[in-house]
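Protein chains in written order, with my numbering: chain A, 328 to 381; chain B, 28 to 278.
Just so you know, not all the hints are guaranteed correct.
Stated by the list, open to error - Simulated restraints, written as ranges between beta carbons of each label pair:
1) G94(B) / Q356(A): 50 to 56 Å
2) Q356(A) / N210(B): 39 to 45 Å
3) S362(A) / A149(B): 50 to 56 Å
4) S362(A) / F167(B): 43 to 49 Å
5) P354(A) / M276(B): 26 to 32 Å
6) Y378(A) / G235(B): 20 to 26 Å
7) E358(A) / Y143(B): 45 to 51 Å
8) P354(A) / F145(B): 36 to 42 Å
9) T179(B) / E358(A): 36 to 42 Å
10) G352(A) / R131(B): 22 to 28 Å
11) I155(B) / A351(A): 31 to 37 Å
12) A149(B) / E358(A): 40 to 46 Å
Because the hints were derived from the structure by calculation, they are not lab data.
Idealized CB from N, CA, C, for every residue including glycine.
Residues per chain are reported as follows:
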Amino acid sequence: MEDEDEEQTKIIEVVCATEGCSNAGIPIQLEVPESIRAVFCGVCGQRIIEYDEG
Amino acid sequence: MTGNPLVDAFLPPGGNSTPPTNYRWGIVSGWDGNRCLVHLDGDFDSEDNPIIMPAAVQYVGSTPRTGDRVLVLIHHLRATILGVLSPSTSVIGPEGSTSESVLRLNRVVSGSQLAYEFQAGASEQANIMVKKDDQTHSIFRVGRDGQLGVQTYTVSGSGSATRPLPFATASGEVSVDLLSSGNYDTYSVTFPSGRFTKSPLVFVNTQGTVPRRTFGATGTSTSGFTLRTANYSGGNSGAQTVHWFAVQMEV
Numbered sequence: 328m329e330d331e332d333e334e335q336t337k338i339i340e341v342v343c344a345t346e347g348c349s350n351a352g353i354p355i356q357l358e359v360p361e362s363i364r365a366v367f368c369g370v371c372g373q374r375i376i377e378y379d380e381g
Numbered sequence: 028m029t030g031n032p033l034v035d036a037f038l039p040p041g042g043n044s045t046p047p048t049n050y051r052w053g054i055v056s057g058w059d060g061n062r063c064l065v066h067l068d069g070d071f072d073s074e075d076n077p078i079i080m081p082a083a084v085q086y087v088g089s090t091p092r093t094g095d096r097v098l099v100l101i102h103h104l105r106a107t108i109l110g111v112l113s114p115s116t117s118v119i120g121p122e123g124s125t126s127e128s129v130l131r132l133n134r135v136v137s138g139s140q141l142a143y144e145f146q147a148g149a150s151e152q153a154n155i156m157v158k159k160d161d162q163t164h165s166i167f168r169v170g171r172d173g174q175l176g177v178q179t180y181t182v183s184g185s186g187s188a189t190r191p192l193p194f195a196t197a198s199g200e201v202s203v204d205l206l207s208s209g210n211y212d213t214y215s216v217t218f219p220s221g222r223f224t225k226s227p228l229v230f231v232n233t234q235g236t237v238p239r240r241t242f243g244a245t246g247t248s249t250s251g252f253t254l255r256t257a258n259y260s261g262g263n264s265g266a267q268t269v270h271w272f273a274v275q276m277e278v
């Protein structure tokens, strides 16, 4: 199994666009692994960003 | 002596019939013509009925209404309302006071004297206290910084035990994709903006009946966390709903 702790990370800025979500329109900076598949909004549960697999 | 117990209470000892000037707080109980009827704090007759006295109204911006707190000047047997406290505000303890200020409500329940107090605490806390027969049973503390705390009565009677409450929490659910055997996936989840001041502890749990994979939280910050899931079950795992809970115990 790969050592996931060694994985490179990057800083991204995400903004939820779900109507009525209390996080909507608020830029949030996150440190995420390079292999990230998607970013979820923790308030409404919707996917903010989706990356291509692989 | 004047024969009026209320006025007599204001007279100095020794029979001097010249009543002194006095300021009292009271509550408006109604109106009689253009005279405002006031119950001064603490004035009750022998049967515990409130003593109501008429008062003129001067220098008051708005007309006193029933239930308003009013400042009354007693001078030469006449009462004059000088001020009306906002009905939405009661002041206990003077501004600048460095000693304890307490608002207490009393009630006898099943033969025991209960006291419910709202106290200005010494550590920049507002304390709500429940006392039974003069013994403190529980305290709910609200810190200036928003930290909440509870002290509850111990059955052994050894006083109270401190039981802190979380400063901030958040929870939610996300839906992750299917995952074939021998692979892992990584997702990120944002927290509600501004919810946490320190990185919280994060707990995750799948809701699937046969998840065939593990979940974990890493890289937690005040903004969010990374959700990792791996499938080494030997079979494919379908899409899953994952519940998460984040808690920051202290400010």
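Numbers of the earlier hints that this structure fails to satisfy, in rising order: 2 and 10
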